[in-house]
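**Student:** Listed below are the residues making up each chain.
2 protein chains.
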Amino acid sequence: FADVTKIANDDYVGFTFFVGCMAMMAASAFFFLSMNNFDRKWRTSILVSGLITFIAAVHYWYMRDYWSGVGESPTFFRYVDWVLTVPLMCVEFYLILKVAGAKKSLMWKLIAASVIMLVTGYFGEAVYRDNAAFWGLLSGLAYFYIVYEIWLGSAKKLAVQAGGATLEAHKMLCWFVLVGWAIYPLGYMAGTPGWYDGLAGLGLNMDVIYNIGDAVNKIGFGLVVYGAAVAAQSAEN
Amino acid sequence: FADVTKIANDDYVGFTFFVGCMAMMAASAFFFLSMNNFDRKWRTSILVSGLITFIAAVHYWYMRDYWSGVGESPTFFRYVDWVLTVPLMCVEFYLILKVAGAKKSLMWKLIAASVIMLVTGYFGEAVYRDNAAFWGLLSGLAYFYIVYEIWLGSAKKLAVQAGGATLEAHKMLCWFVLVGWAIYPLGYMAGTPGWYDGLAGLGLNMDVIYNIGDAVNKIGFGLVVYGAAVAAQSAEN
Ligand SMILES: CC1=C(/C=C/C(C)=C/C=C/C(C)=C/C=O)C(C)(C)CCC1
Ligand SMILES: CC1=C(/C=C/C(C)=C/C=C/C(C)=C/C=O)C(C)(C)CCC1
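Residue numbers (our numbering), protein chains in the order written: chain A, -16 to 220; chain B, -16 to 220.
Warning: the hint list may mix true and false statements.
The list treats identical chains as one, so a pair stands whether inside a single copy or across any two.
As a list, the in silico BS3-like pairs of lysine-lysine whose alpha-carbon atoms are at most 27 Å apart [claimed, not checked]: (1) K139 / K(-11); (2) K81 / K140; (3) K140 / K24; (4) K(-11) / K87; (5) K(-11) / K86; (6) K87 / K139; (7) K(-11) / K81.
Quick caveat, the hints were computed from the structure, so don't treat them as lab data. As the structure is a prediction and not an experimental result, all values here were calculated from the model.
This is chain A alone, in the form it adopts within the complex:
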């Protein structure tokens, strides 16, 4: 019982870390255990959803403790998490569009852009904080490239050709990348100095914004993939 310390009841940021950690664990259990209810072609997608939340669960465990123990933003663990989960989300996008004939090259393009987005973001947030706005801009360019590829690039054409469930899945994926992912730059602006000081974040804490973003994009997106699998399967039977 040595490790127990008192927790402040009004530590709302800590609250979101704890809720996030447990939600990621529960989501992983859900995806892993329900995966075998589906036909083979859906199983890999559900499994990848589970991997994403599982990786996050471990990092939220660290981040939670780092926040309560050190009292600082756990930027290091945050980016270790993202550098694994964001490329995995690109794999997930590819898996969804594969039936429509998506090529592996699309996946690699998205992965490369997402790594650039995260490395430049890390420099701005953790290393060269004085130039956070500049690094954030570079990161944002890589982000817009991803948005462009998915909304207007080759992915779009493939989805339109395929129609039906694939087009539906593609649409929802587009909105996640445009709206769900846009939560993160807001958090970045709330937590770094720059021209946007006072403007962004609406008084919210950076970690709270990031934690909301992770809940939406990891659990929410996984559940949408799960829902698509349920719908496709019950349409077949």
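Fit chain B with the ligands to the known structure of chain A by using the hints.
**Tutor:** Just chain B with the ligands now, kept in the frame of chain A:
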């Protein structure tokens, strides 16, 4: 064994934390491992029962240690647990009534009301204790809204139309929300100052009451769902 400290043999509150923790772990193993004995349409309900006890097991682990280490009520962890498990119970209600044609909007209404109930309860119990009675009243209103929706609202109509096993399941669900959930406000009254001082709690400790409530509502309710699945399945064969 480095972390072991001596335990007081008459720490009855601690006893209920330890028993609760292990019971939640065992219940999770039971639900997760028996899930695949059922047809697909029942599996998700059993899985969600398992998720609820699994989330509770993790938080009882913390609460147990917090109680023995810090010697205070682990309010923070209690509400982290509830804010995840109570909405999951609303999902469970929806899954049970889905066959009767329940709409997703019912689920979202219940989830929203339950979050309001818990946030206001947390404020009263942990942050603004001097006004605990006022916050408890707000929380109670949200609770009554849930009771109303289930007993008399649209859920009721759907269940009556469906009849048979669904009506049975709905009835037992109604009683859990009315009687099982009512254990919690008793615990709240036992643990916070207000006009009800001396009146409520019957001399019982708040945490003991909450722990009993959790055993009834998480494990008990899960077992009832399990029993319904067994009954439905043997009726079909
Ligand atoms: C644009 C931009 C950013 C974008 C981050 C994103 C989009 C992260 C996505 C994470 C996901 C989707 C995790 C889910 O598993 C940064 C790095 C904050 C830096 C500021 C500019
Ligand atoms: C009405 C009321 C409350 C109700 C709490 C409830 C109803 C909690 C239910 C928890 C469950 C069902 C957990 C199971 O997983 C509070 C917050 C104590 C505050 C006082 C008023």
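**Student:** Does each hint hold? Answer for all of them.
**Tutor:** How the hints compare with the structure:
1. Taking identical chains as interchangeable, the C-alpha atoms of K139 and K(-11) are never at most 27 Å apart, the minima being 52 Å within one chain and 45 Å between chains.
2. In the homo-oligomer, the alpha carbons of K81 and K140 lie at most 27 Å apart inside one protomer (13 Å), although the nearest pairing across protomers, at 37 Å, exceeds that limit.
3. Taking the shortest alpha-carbon separations for K140 and K24, only the intra-copy value of 22 Å comes in at or below 27 Å, while the best inter-copy value is 36 Å.
4. When the C-alpha separation of K(-11) and K87 is checked against a cutoff of 27 Å, the pair qualifies neither within a copy, at 50 Å, nor between copies, at 40 Å.
5. Taking identical chains as interchangeable, the C-alpha atoms of K(-11) and K86 are never at most 27 Å apart, the minima being 53 Å within one chain and 43 Å between chains.
6. When the C-alpha separation of K87 and K139 is checked against a cutoff of 27 Å, the pair qualifies only within one copy, where the shortest distance is 15 Å, while the shortest distance between copies is 30 Å.
7. Taking CA atoms no more than 27 Å apart as the test, K(-11) paired with K81 passes in neither setting, with 50 Å inside one copy and 43 Å between copies.
In this structure, the earlier hints numbered 1, 4, 5, 7 are contradicted, and the remaining ones agree with it.
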